[in-house]
Amino acid sequence: MKRVAAAVLLITFLLLLLAASSLAVERLFVGGIEVELEEPLEIVSGVILVPTWLLEKHFGGTVQISDSRITAAFADQTILMRLGEKSALVDGESHKLDVAPQRRGNEVLLPLRFFADRLGFQLVLEEDGKVLRLQKPSQVRERASLFERLRQETSWAEEPEPVEPVEETAQGLSDIVYMGGARSRVFIDLQSYTGYQTNLLTDPPRLILDLYGVEGGPLPVVEVDDSLLIRIRSSRFDEETIRLVFDLNAASGYKVTPWADRGLEVEFNHMLYAAGLRERDGFIELWLEASHPPSIEAIYLEDPQRLVLDLQDTTLLASVRELPAGYERISRLRMQQHSPEVTRLVLELAGPVTMLPLQEAGPGRYVIPLFQGTAQEAQRMFDLDDFEPVISPDFSDDTKPVFGPQRGEDGEGILRGVIVAIDPGHGGSDPGTIGYHGSFEKDINLAISFFLGKLLKEAGAEVVYTRDTDVYVSIFERPEIAVRAGADLFISIHANSHIKRGTARGTETLYRANDLVSQRLAQLVQAELVQAITLVDRRIWGRDDLAIFNGSTIPAVLVEVGFLDHPDEEVLLRAEGFQQIAAEGIYNGIERFILEYFGKGEGQ
Amino acid sequence: MKWERRIAGLLLILILLLVGRGVWKVYQGRMVPVSLIEEGAPYYPVYFAAADSAHLEPEFRPGTADVAAVLKDLLEGPRLPGLAPVLPPDVSVLGYTQRGSVLYVSFSHHLRSNHPGGSRAEMLTVYGIVNSLTEIAGIERVQILIEYEQIDTLTGHIDLGKPLERDYSLLGSTMI
Ligand SMILES: [Zn+2]
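Sequences listed follow chains A and B, in order. For the first sequence, the numbering used here assigns the number 546 to the initial residue and increments by one for each residue that follows. For the second sequence, the numbering used here assigns the number 560 to the initial residue and increments by one for each residue that follows.
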């Protein structure tokens, strides 16, 4: 009896060994893209088991394991399992498993088919189970999978090597091109997409770029390894979304620019590693260590007197952010990340200081000489013919800063003394609504805002923009910017969309509800705008739920110039001439309001 | 078969004509069609985007409103011609919970990622949800969550960081 038992045991053991050695998936393709496997995937009782990282990396889930409890969260469902238990709980409903989740060393293995079924993937085993393909059989991908089948039939016979996956994804993400340059430019070639969203994460530093409405599979990893960008990975996040991950050496600011016909361009900021002050040859020098010669915009501000240098497209990486300086006229240097794209250096002054042009002082090192005196004094002292100070306060006639914001000094303007905050809606990672032909609301808003700002400045008003580049500013920050600037009016510029795209037309203006002043401003702006652009008058609407209205008590309106999702109105909204006329209409409304409400501008 | 189909077609046209002519009811001071409701039976409104491309308009469903039913109706979309759904495609409801008179509803990320944007579309989506759910006895305010998280805003206009009350200004209608 003992012998028989031993023999049975041995045979079982051998069979198991045989099963274990022969049944394993050696190559895995998800949506046509090969997934790198460190070890073959195990097959137990005919069920393929996968490690948790695979679900996280290639199916966009997050898997958490505590004790024996496994929680796998995906975009639209959460799946609960227990180690050693043949059942799963999905959204409160119990399902039977053929094989229980199990441990292998440090890994936990989960039954692949159950997840594939839940996430809508088909499993196709080829080559005696050595090759596994996971595919989504949705209608839009019908063509792709047919193409895939044809490709397999023709190319597998000739060459066993997998074919470049690029052709197969021609419907969606076609290419990721690293273009290099000082700002690590990357071009994302997309056939079509409906939107995108970015998220900069710090630990480890990486930029997430989610592309919406993109079909097809992800692309292989693009290894870059320049001073900032390490690599670019792509994966399918859900049925509509491809997720790109830019692995970075530092959490740098970035800029995403949509190209007119297709695709997106991603650029990263320059980096400022360190800055400080030192004395040399009678000058104080502001020295900078940066990845690239910085482009600087400088202004003087008063009360207290300070010189502000804005380094464009620059991320601040310096660990020391504040340096006391014991110079006669420079008492302190402060540094801050002023916006995602601007690093701001502030020199606190105790008298006039003249800034001279930036010089290169070695690789990655730059200096800006600062003369402790006015430009005239500097010129006299150095006897320079072609001396051109970059910036210097003009202290000769009065103490007013000449490089401050425009204050309508011509004195003629009808709106002199009025401060208008212009709020171009959306921006940066938030494109706003997408037009019928694909234009972005944020771009149109900004264009109209600039035309409006120009008209207001010409009339002597002071203009403050909540954003003047393609940058994300939250809806809570926007009214704060207006309050800080002491604005008298808040004008938000938007373009509209209807829930059933392309079915609505016309102009409407929203205003702060239960605020008669805002209501009157809305009436006048709406009336003048409709008269100017002659779109359908959709009237004015009081709203008590808009963050940009609730963040201040400044008379505030939000102008929806037209419907960008309507093909005809999109054509208009994109046209510069129309943008100019719309700005004139809005301007006329503002002018009427100021004259009516404040009697007149201070200039009259 | 052909004759039966024709008769069915004629009947359908007759019904549509009747609907079009209006089986009307007075609801919140306005005349609205109640084609789907038996006289005297209970019914509740679900709000969808009206044909005037500005307002919400109720469609009446037989029965008594509860959260699950109303959310299902919203996901399903309108049955009457001329109305449009307020939810973008592929949205699902992940869950909901009520605290006092506030209902918290979590939608899948599609509520944002598939939303067309624009303040008018955002208003219709947000108050299509809020106005429909606040018709249920005991619910006064609704907070919209995405993937179980509180959000600042759906598409950049309305502050969704707090529960919202029903919006009457969007109920004005061209139906009268
Ligand atoms: Zn907008």
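Any given hint might turn out to be false.
For each label pair, taking beta carbons as the anchor points, the in silico distance ranges come out as [unchecked claim]:
1. ARG879/A / GLY659/B: 24 to 32 Å
2. GLU579/A / LYS631/B: 21 to 29 Å
3. ALA628/B / GLN622/A: 20 to 28 Å
4. GLY697/B / ASP770/A: 54 to 62 Å
5. HIS883/A / GLY636/B: 44 to 52 Å
6. SER728/B / GLU579/A: 50 to 58 Å
Just so you have them, the derived chain A footprint on chain B, three or more residues with Cβ under 8 Å [stated by the list, open to error]:
7. 626-640
8. 665-678
Stretch by stretch, here's where chain A covers chain B in the computed footprint (C-beta under 8 Å, at least three residues) [stated by the list, open to error]:
9. 605-613
10. 691-700
Simulated from the structure, these hints should not be mistaken for lab results. Fair warning: this is a prediction, and the values are worked out from it, not measured in the lab. We put the beta carbon where it would ideally sit given N, CA and C, even for glycine.
Consistency of the hints with the structure:
1. ARG879/A / GLY659/B: 24 to 32 Å: At roughly 48 Å between Cβ atoms, GLY659/B and ARG879/A fall outside 24 to 32 Å, so the hint is violated.
2. GLU579/A / LYS631/B: 21 to 29 Å: Distance hint for GLU579/A, LYS631/B is violated at roughly 42 Å.
3. ALA628/B / GLN622/A: 20 to 28 Å: holds (22 Å)
4. GLY697/B / ASP770/A: 54 to 62 Å: Since GLY697/B and ASP770/A have Cβ atoms about 60 Å apart, the given range 54 to 62 Å holds.
5. HIS883/A / GLY636/B: 44 to 52 Å: holds (46 Å)
6. SER728/B / GLU579/A: 50 to 58 Å: holds (56 Å)
7. 626-640: violated (count 0)
8. 665-678: Holds: 9 residues of the stretch 665-678 of chain B have a Cβ under 8 Å from chain A.
9. 605-613: Since three or more residues must qualify, the claim that chain A covers the stretch 605-613 of chain B holds, with 3 doing so at under 8 Å.
10. 691-700: Check failed, 0 qualifying residues.
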